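J.: Residues per chain, in single letters:
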Amino acid sequence: MFEISIWQEVLSTMRKNLLRTILTSFSVFWGIFILMILLGSGNGLKEGVMHNFSDANNCVWLWGGRTSKAYGGFNKGRKIQLKNDDIQFLGHSYENLENLSGNINLPGAITVSYKNNYDNYNVQAILPGHQATENVQLIQGRLLNILDIEQYRKVTIIGKDVKEQILKDEDPIGKYVNIREIPFLVVGVFDDIHPNELKRLYIPISVAHKTFIPGSNIGTLTFTLDDYSVDESESLVEEVKQSIALKHRFDAEDPRALGNWNALKEYKKMQALFNGINVFVGVMGIFTLIAGIVGVSNIMLIVVRERTKEIGIRKAIGATPGSVVGLIIFESIIITSIAGYLGLLCGISLLELLAGKMPASDFFRNPGVDFRIAVGAALLVVFAGALAGFVPARKASRIKPIVALRDE
Amino acid sequence: MVNIKELHKSYITGANRLHVLKGINLNIIEGEMVSIMGSSGSGKSTLLNILGILDNYDKGELYLNGQLIKDLSEKKAAWYRNKMIGFVFQSFNLIGFKNAVENVALPLYYQNVPRKKRNKIAMEYLERVGLSDWAGHTPNELSGGQKQRIAIARALISQPKLILADEPTGALDSQTSLEVLDLFEEINNSGITVVIVTHEKDISERTKRIIHLRDGVIENENKPKPSLKYV
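Top line first, the protein sequences correspond to chains A and B.
Just so we're aligned, residue 1 is where the first sequence starts under this note's numbering, counting upward by one.
Just so we're aligned, residue 1 is where the second sequence starts under this note's numbering, counting upward by one.
No lab work stands behind these hints, which were simulated from the structure alone.
This list has only true hints and no planted wrong ones.
Derived DSS-like pairs: lysine-lysine, alpha-carbon spacing no greater than 27 Å straight-line: (1) B/K5 x A/K400; (2) A/K395 x B/K76; (3) A/K400 x B/K161; (4) A/K79 x A/K210; (5) A/K241 x A/K79; (6) B/K76 x A/K309.
Estimated spans, in silico, between C-beta atoms of each pair: (7) A/V403 x B/K22: 21 to 31 Å; (8) A/S349 x B/N112: 33 to 43 Å; (9) B/E219 x A/G322: 33 to 43 Å; (10) B/E141 x A/L345: 36 to 46 Å; (11) A/G376 x B/N112: 27 to 37 Å.
Partial pick of chain B residues on the chain A-facing surface, computed with a CB cut under 7 Å: (12) N49; (13) L54; (14) D55; (15) E74; (16) K75; (17) R81; (18) N82; (19) F87; (20) N93; (21) I95; (22) R115.
Note that the structure is predicted; figures quoted are calculated from it, not measured.
Every residue gets a Cβ at the ideal spot worked out from N, C-alpha and C, and that includes glycine.
Using the sequences and the hints, build the whole thing.
T.: See the structure below:
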């Protein structure tokens, strides 16, 4: 059935009925085109929003708030302050907490200078684990380590923007930058997917406690959980909260005393949301495609009706029912495949164009269709073509030559 | 070549049963040129359709070239039509979007003959009917006589043993009718059996044997008297 003759036969038929062929093709072209645009846009939306989760997506943040319930003899409205010993306490109590870190966001804009260049940056005092939580990408030098903490080294790793803005073309490693007039040795330069985090310096928290913020208060407490499901991580976070509540003597049920943000939970939530959106978009696309296929089927039915006499002639001179079925289905497959392929091509080209021209935002970036999905769609179209041709073809094969050839 | 025994055929239209052929017995030997005559409704076209395996029959037997033709599958019927029979119709029944040579070559497409080869053979047959200059023209650019000659070329290309023509001159003027009949005679002289259905007396008189059909039975058979030619 797939020898060259049938191609020639079908292609010459299509060429001679060009307008009909084009009109039929368009419905399929449009179906696939819309499907690609919808899937691509859905993907772009997902990429855009998921981009915000490009920090370690299994991290948990905790921070002290103010109690909203009286508890254990204390009035409500008491400030809960996390301290260094909370980190140690959690570290001892829960072995599974990884990259445990306390962080202080030095308040206000901090002036950082090198030689005559200076600017205001965000400075964060951290334990080494926080670098993993923030998913810092080292591009030069080294990260902060535990020795920096223990030995109170005045060292810093700086964001790419900081390096470019105040160190210019100089090799930053080994240079001293002044943070609030205190010199810090630059040991590393980092990159980060979030552009605003490139205007940031990280310093050891122990140094910050000696220099900028005397004492042992910490702003946030972070850790990551490896290989935890959402439910597992939620229950662990709940446990951790209860331990801290006990230690700081506030009601564990108090929603205001201890703030927390479980990235995994939010991540999964978003993922579920976008999977939902994708399914919805896909279903809409498929329905558009089905409309196109029904269109093809419909037109093929008309074609069969129009060609009743021709098919009658063919049968009279020796066409078998099988060859008639082949003729119609093959034409249907060729039309849908070519149109579908063009739709695929146009849809993907448009998405590529959009991806190139459109600035990436928090809501939309890199619209595009997975290659596998595109191939799947292409196969679907061929299958759809066969399906669309089936009913008309069967009808055509049942044409009786004497009825078709009866003079009207 | 053709052997028909007690053939019955009736059509059911709604509640009515129309008995068209009421026991036909007919024997056509190889190389004969036969015409079947009868008024409209006499069953002559039905008989031709049954001969051409385009229609089935209810009772009796039909042998083509010694082969019993009864309750064939569509595929088998298509095969016999393709190999054994060539059709010529009153309204030509050429495919409008195909040119002359493609129309003639079509039966060979169903024998899986490669395109180049079948077009070459088709050209030979076009030449035989004197239309090789018109090979690239579509049917609507041709006259009735030309169309019928193309249809005849198409009927001949599969080298059938039997040509069935249903009112082949019905849509032609008398001059072209004569030319077409000349062609049939030539075909017959090459040894192919020709059966022509017609209601025109001067057409049937050109054949070697006339079968008169009336209300579904063969009324009489006669050979045209040679003397008629001198009248």
